[in-house]
Amino acid sequence: MVIVAIAWFSFTSERRMLIEQIVSGEDAIVQSLAKVCEESLITEDDLLAVNYIKDLIRRESPSVVHAMFVSTDGRIAAYSDPEKLGTNIPGELARLIDKQVLAEKAGVTMRHSFDIQSSRTLFGHNQPTLLVWRPVVIHGEQRGTSHVGFDQEVRESAIRTTLAQARVRVFQVAGFGLIFGIIGSIVLAHTMTRPIKALERGAVLIGQGKLDTQIAITSHDELGKLARQFNDMAVKLKELDQMKDDFVSSVTHELRSPLTAIKGYVNFMLEGRSGNLTEKQQEFLTIVKSNTARLGRFIDDILDLAKFEAGRMDLHKEPTSIKSAAEEIVQLLRPLADEKKINLSIEAPETLPDILADPDKIRQIITNLVGNALKFTPDNGCITVRVQEQPKELLVSISDTGIGIPEEAKDKIFSKFEQVKGVRQRTKGPKGTGLGLAIAKGIVEGHGGKIWVESKLDKGSTFFFTLPKGGAVTVPKPSSSGFSDTSQPQSTPPSSPTSDTGEQNG
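Each step along the sequence shown adds one to the number in the numbering used here, with nothing skipped, and position 129 is 151.
Hints were generated in silico from the structure; no laboratory data involved.
Cβ coordinates follow ideal geometry from the N, Cα and C atoms, glycine included.
Heads up, some of the hints might be wrong.
With a straight-line Cα cutoff of 30 Å, these simulated DSSO-like cross-link-like pairs (lysine-lysine) come out [said to hold, decoys possible]:
(1) K478 to K414
(2) K219 to K432
(3) K258 to K432
(4) K432 to K481
(5) K247 to K260
(6) K432 to K260
(7) K432 to K232
(8) K432 to K414
So the derived label-pair ranges between C-beta atoms look like this [to be verified]:
(9) K478 to K247: 37 to 47 Å
(10) E178 to D68: 30 to 40 Å
(11) L221 to A283: 16 to 26 Å
(12) K414 to T314: 38 to 48 Å
(13) N253 to S32: 15 to 25 Å
Make a model of the complete structure from these sequences and hints.
This is the structure in structure tokens:
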């Protein structure tokens, strides 16, 4: 916009200066003729003015079409056409000159344009004529007027030609300026937005839990200072997260020993080894045993998750039938489905290839997902487990007709301790801890697969996960929110049918 405004201003300024220059030149010609006419009157040499007029027309042709000196009585004293010497000028021209001479001060140049018809009548010229005249004054007394007629077509053509050349120059300069301006703007915008985008990407990664993210900005301006502060913040967050993980891991390890002792003594008492128990005592000890088992599963989940995050989870991979594992879990959980009158079924081809995986961990994934579906599907609902073969992987899906997941919560439910708001109020039975889906994600990614969910609120959800066909997959050690597979023997049993997955899958 600035370049266009400057170009327009430059063009209009040059046009104005050109017109002023032409007018100034015309005034100079008329003024020179007036001076010559003054000398002619003073020296009483009429030929001086006549010869000057002839030379003027020859020199200024074709812009000057006629020139003359008219005395105060209206007679032509000097003219380019000798035949009109001594004749009176036309009455229309005389009245115009007399009227403007009276209105103007002496020594002022005056102008008037005539159309083609008037030019033909007054001057015998077949083009519009601009007449410029100036009083000839000697010792304060007007002795006549000097007239010069300019061809307006030639005059306008000269203006147009000059302006066209000026327009080309202005447009060239403006074009180059615009091109360099756009290039400069792009470079400047890129220079300014690149570090901002880097900061944005870093913030997104930090928000995703990748606390080892560092932003590579080397500038020393405000954005560079902000990037360095951002990197320092990420390092401190990483340290705090590691301290938290170490603390949780330490606490859970310390809890296992007394918890094991409690479980042992409770079982010892329930078996009657400490003496006979009353019915009330057996009821209380059964409650203690149930809650101790639940606490034990919670501690196991935390330890499993900590191992995934630290990249120390061992997966004992062997040829595994996904169909058999799914059928086993469906059969195991069918009694729970029957209690709620839920139709729990499995759909899988007759033949599916075995894959290299940890069978116990695969059962744990399916148990967590089907358990979630049972928890969040109302009575008389439907849950379907499907296993499909794809070119490079097996696709497992668990679909339900449950309460669904809000769109804004889909990306969060695979995080630790994450539960959808309002779920606890809409479900019966034990509440989860928010670790089941995080563990499932760790196991799937540890096998080199992917896990995701598709859902509509109040219409049900479908959880998908893939497991690659072929050999073992080694996944690099992730950040604090990632998982990896070190492919070492593992004997952890799968979760029980009442495993507390604690996640909302709809």
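ask   = Hints broken by the structure, by number, lowest first?
value = 11, 13
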